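> This is what each chain is made of:
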Amino acid sequence: MQSIRKEDVQQALDRLSNQQVYVHLESNQGAYTQGAYPSANKGPFHHTGVFIRNAGIRYSHGKITGDGPFRIGLKMEFGWVYAEGLTDWEQDDQGRILFVGYDLEGRLAVALDLSQQPL
Amino acid sequence: MEKHVLLVFPHPDDEVFASGSAIQWSQQGTPVTYVCATLGEMGRNMGVPAYANRETLPQVRQQELMEACRQIGIDDLRLLGLRDKTLEFEDLDALADRLLAIIQEINPSLIITFYPGYSVHPDHNTCGEIVVRAVQKIPVEGRPPVYCRALVKNAEQVLGKPDITWDVSEVLEQKIEALKAHRTQVIGTKNGLGERLSKQDTESMNWFRFEHFWIYKEAIE
Ligand SMILES: [Zn+2]
Chain A
10 MQSIRKEDVQ
20 QALDRLSNQQ
30 VYVHLESNQG
40 AYTQGAYPSA
50 NKGPFHHTGV
60 FIRNAGIRYS
70 HGKITGDGPF
80 RIGLKMEFGW
90 VYAEGLTDWE
100 QDDQGRILFV
110 GYDLEGRLAV
120 ALDLSQQPL
Chain B
5 MEKHVLLVFP
15 HPDDEVFASG
25 SAIQWSQQGT
35 PVTYVCATLG
45 EMGRNMGVPA
55 YANRETLPQV
65 RQQELMEACR
75 QIGIDDLRLL
85 GLRDKTLEFE
95 DLDALADRLL
105 AIIQEINPSL
115 IITFYPGYSV
125 HPDHNTCGEI
135 VVRAVQKIPV
145 EGRPPVYCRA
155 LVKNAEQVLG
165 KPDITWDVSE
175 VLEQKIEALK
185 AHRTQVIGTK
195 NGLGERLSKQ
205 DTESMNWFRF
215 EHFWIYKEAI
225 E
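First to last, the protein sequences are chains A and B. According to this note's numbering, the stretch in the first sequence is residues 10 to 128, in order. According to this note's numbering, the stretch in the second sequence is residues 5 to 225, in order.
Don't take every hint at face value.
[As the list claims (entries may be wrong)] Listed next, the in silico SDA-like pairs over lysine to any residue satisfying Cα-Cα at most 20 Å (straight line):
no.: 1; chain 1: B; residue 1: K157; chain 2: A; residue 2: H56
no.: 2; chain 1: B; residue 1: K194; chain 2: A; residue 2: S36
no.: 3; chain 1: B; residue 1: K203; chain 2: A; residue 2: R24
no.: 4; chain 1: B; residue 1: K157; chain 2: A; residue 2: G115
no.: 5; chain 1: B; residue 1: K184; chain 2: A; residue 2: G115
no.: 6; chain 1: B; residue 1: K7; chain 2: B; residue 2: P149
no.: 7; chain 1: B; residue 1: K194; chain 2: A; residue 2: V119
no.: 8; chain 1: B; residue 1: K203; chain 2: A; residue 2: E114
no.: 9; chain 1: B; residue 1: K194; chain 2: A; residue 2: G39
no.: 10; chain 1: B; residue 1: K194; chain 2: A; residue 2: H56
no.: 11; chain 1: B; residue 1: K194; chain 2: A; residue 2: D112
no.: 12; chain 1: A; residue 1: K72; chain 2: A; residue 2: V119
no.: 13; chain 1: B; residue 1: K194; chain 2: A; residue 2: L113
no.: 14; chain 1: B; residue 1: K194; chain 2: A; residue 2: Q20
no.: 15; chain 1: B; residue 1: K194; chain 2: A; residue 2: R116
no.: 16; chain 1: B; residue 1: K184; chain 2: A; residue 2: H55
no.: 17; chain 1: B; residue 1: K141; chain 2: B; residue 2: N210
no.: 18; chain 1: B; residue 1: K194; chain 2: A; residue 2: E114
no.: 19; chain 1: A; residue 1: K72; chain 2: A; residue 2: R24
no.: 20; chain 1: B; residue 1: K157; chain 2: A; residue 2: K84
no.: 21; chain 1: B; residue 1: K194; chain 2: A; residue 2: F54
no.: 22; chain 1: B; residue 1: K184; chain 2: B; residue 2: K7
no.: 23; chain 1: B; residue 1: K194; chain 2: A; residue 2: Q38
no.: 24; chain 1: B; residue 1: K194; chain 2: A; residue 2: Y111
no.: 25; chain 1: B; residue 1: K157; chain 2: A; residue 2: G39
no.: 26; chain 1: B; residue 1: K203; chain 2: B; residue 2: K221
no.: 27; chain 1: B; residue 1: K157; chain 2: B; residue 2: P126
no.: 28; chain 1: A; residue 1: K84; chain 2: A; residue 2: R62
[To be verified] If you only want the chain A side, here are some residues facing chain B, beta carbon under 7 Å, derived:
no.: 29; residue: M10
no.: 30; residue: S12
no.: 31; residue: G39
no.: 32; residue: R67
no.: 33; residue: G104
no.: 34; residue: L107
no.: 35; residue: E114
no.: 36; residue: G115
no.: 37; residue: L117
no.: 38; residue: D122
Worth flagging that the hints you see were computed from the coordinates, not collected in a lab. Remember, it's a predicted structure, so these values are computed and weren't measured experimentally. Note that beta-carbon positions come from the ideal geometry of N, C-alpha and C, so glycine has one too.
Produce the entire structure from the sequences given, and follow the hints as far as they go.
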């Protein structure tokens, strides 16, 4: 993973447009906010989290915006894929594009993975 | 002396809740089997600084788990191949049948898992529930005892004092080294385990030193 440079990301997003891609999209605050461990107990907290894995989509264009942390929107025929708070990314040796946003303590808080093959 | 102990936990590193005991069993020559349901695929810690990512984390954690098992003396690790955070949505009866097949194969004298309903993470609670369901499929006279860890803060108020507390001081160093094998999760991380490892204060050390269990009575009666 490396810090996001918008120009590089934009090129990568363009590479996967107008074709079938598989998406992992996740917003994650962790499972231990209920205070399993005393140090993790930060008082009353409404815990939320979502993920969708291997949703097959096709986007006509994708765009990265912001000055960091960054936002990505992928425009589909009937809707959008959206992620915010992204800080780091990589293209791995399988051509997958992986985005992540770390929280202030260095833990993954948001993830967006795009792949031409099911993840 | 135990004949064969079966640990059933959902995530790599959950074995820390019984790893001191497991080290001691293994030193006494008691075989220990560990059924780990997932690879902690949804973990948020990618190492400090991050060197894993959402897609490589499962392989990284599998390697860490294998190293931890080697250090604990667990030579029979079974991965169920389920996905982190999804246990509660599976067909629990089908999972209980898979576990039952393992129980019948190895015939453990003791099973250790999480206390259903009192273990905070939905995967932990479901894991305990699957164990109980599997054991309840066995005729009463043949059921192995099930010892559970409970993680909720008010466990003692609800369940009473733990039935069993094992002091694993003698193997504390080994237990901590085995935990450190889960590098992405515990080295420099801000979670409970990482902080306990870095603090090394009396409270943290006592947390590692004593392994508390409640006997799950409905499973054996
Ligand atoms: Zn766990």
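> Now tell me if each hint is right for this structure.
Quick rundown of the hints versus the structure:
1. Our distance criterion of 20 Å between C-alpha atoms is met by K157 of chain B and H56 of chain A, whose separation comes to about 18 Å.
2. A threshold of 20 Å between alpha carbons decides the hint, and for K194 of chain B with S36 of chain A the separation of about 19 Å falls inside it, so the pair holds.
3. Between K203 of chain B and R24 of chain A the alpha-carbon distance is near 47 Å, which puts this suggested pair outside the 20 Å criterion.
4. Between K157 of chain B and G115 of chain A the CA atoms are separated by roughly 26 Å; this puts the pair beyond 20 Å, and the hint is violated.
5. Distance hint between K184 of chain B and G115 of chain A is fulfilled; the C-alpha atoms sit about 19 Å from each other, no more than 20 Å.
6. At roughly 12 Å between alpha-carbon atoms, K7 of chain B and P149 of chain B fall within 20 Å of each other, so this suggested pair holds.
7. Taking the CA atoms of K194 of chain B and V119 of chain A, the gap is near 17 Å; set against the 20 Å cutoff, the hint holds.
8. For the hint pairing K203 of chain B with E114 of chain A, the CA-to-CA distance comes to about 17 Å; that is within 20 Å, so the pair holds.
9. Annotation: proposed proximity of K194 of chain B to G39 of chain A holds, straight-line Cα distance about 12 Å (limit 20 Å).
10. Proposed proximity of K194 of chain B and H56 of chain A is supported: the alpha carbons are some 18 Å apart, at most 20 Å.
11. Taken as a hint, the K194 of chain B and D112 of chain A pair is honoured in the structure, with Cα atoms around 11 Å apart against an allowance of 20 Å.
12. Simply put, K72 of chain A and V119 of chain A have alpha-carbon atoms about 17 Å apart, close enough for the 20 Å limit, and the pair holds.
13. With a C-alpha separation of about 10 Å, the suggested pair K194 of chain B and L113 of chain A falls inside the 20 Å cut-off, and the hint holds.
14. With a C-alpha separation of about 35 Å, the suggested pairing of K194 of chain B with Q20 of chain A is violated against the 20 Å cut-off.
15. Of the supplied pair hints, the one linking K194 of chain B and R116 of chain A holds, its CA atoms being roughly 9 Å apart against a limit of 20 Å.
16. Restraint check for K184 of chain B and H55 of chain A: the C-alpha separation of about 31 Å exceeds 20 Å, so the hint is violated.
17. The straight-line distance between the Cα atoms of K141 of chain B and N210 of chain B is roughly 37 Å, outside the 20 Å bound, and the hint therefore fails.
18. Pair hint K194 of chain B plus E114 of chain A holds up; C-alpha atoms about 7 Å apart against a cutoff of 20 Å.
19. For the hint pairing K72 of chain A with R24 of chain A, the CA-to-CA distance comes to about 12 Å; that is within 20 Å, so the pair holds.
20. A threshold of 20 Å between alpha carbons decides the hint, and for K157 of chain B with K84 of chain A the separation of about 46 Å lies outside it, so the pair is violated.
21. A hinted pair counts as satisfied when its Cα atoms are at most 20 Å apart, and K194 of chain B with F54 of chain A qualifies at roughly 18 Å.
22. Pair hint K184 of chain B plus K7 of chain B does not hold up; C-alpha atoms about 28 Å apart against a cutoff of 20 Å.
23. Of the supplied pair hints, the one linking K194 of chain B and Q38 of chain A holds, its CA atoms being roughly 13 Å apart against a limit of 20 Å.
24. With a CA separation close to 13 Å, the supplied pair K194 of chain B and Y111 of chain A stays within the 20 Å bound.
25. Between K157 of chain B and G39 of chain A, the direct Cα distance comes to roughly 18 Å. Compliance with the 20 Å bound is thereby established for this hinted pair.
26. Restraint check for K203 of chain B and K221 of chain B: not satisfied, since their Cα atoms lie roughly 36 Å apart, outside the 20 Å limit.
27. Restraint check for K157 of chain B and P126 of chain B: satisfied, since their Cα atoms lie roughly 16 Å apart, inside the 20 Å limit.
28. Pair hint K84 of chain A plus R62 of chain A holds up; C-alpha atoms about 18 Å apart against a cutoff of 20 Å.
29. Because the smallest distance between the Cβ of M10 of chain A and any Cβ of chain B comes to about 6 Å, under 7 Å, the interface hint for this residue holds.
30. Annotation: S12 of chain A was flagged as interfacial toward chain B, and the flag is violated, the nearest CB pair being 11 Å apart, outside 7 Å.
31. With a least beta-carbon distance of about 5 Å to chain B, the hint placing G39 of chain A at the interface is held under the 7 Å criterion.
32. The interface hint given for R67 of chain A is violated, since its Cβ lies 21 Å from the closest Cβ of chain B, which is over the 7 Å cut-off.
33. The interface hint given for G104 of chain A is broken, as the beta carbon of that residue sits about 12 Å from the closest beta carbon of chain B, more than 7 Å.
34. For L107 of chain A, the suggested interface contact is upheld, since its CB lies about 5 Å from the closest CB of chain B, less than 7 Å.
35. The interface hint given for E114 of chain A holds, since its Cβ lies 4 Å from the closest Cβ of chain B, which is under the 7 Å cut-off.
36. Residue-level restraint check for G115 of chain A holds (minimum Cβ-Cβ distance to chain B is 6 Å; threshold 7 Å).
37. For L117 of chain A, the suggested interface contact is upheld, since its CB lies about 4 Å from the closest CB of chain B, less than 7 Å.
38. The closest approach between the C-beta of D122 of chain A and any C-beta of chain B is roughly 6 Å, which is under the 7 Å cut-off, so the hint is satisfied.
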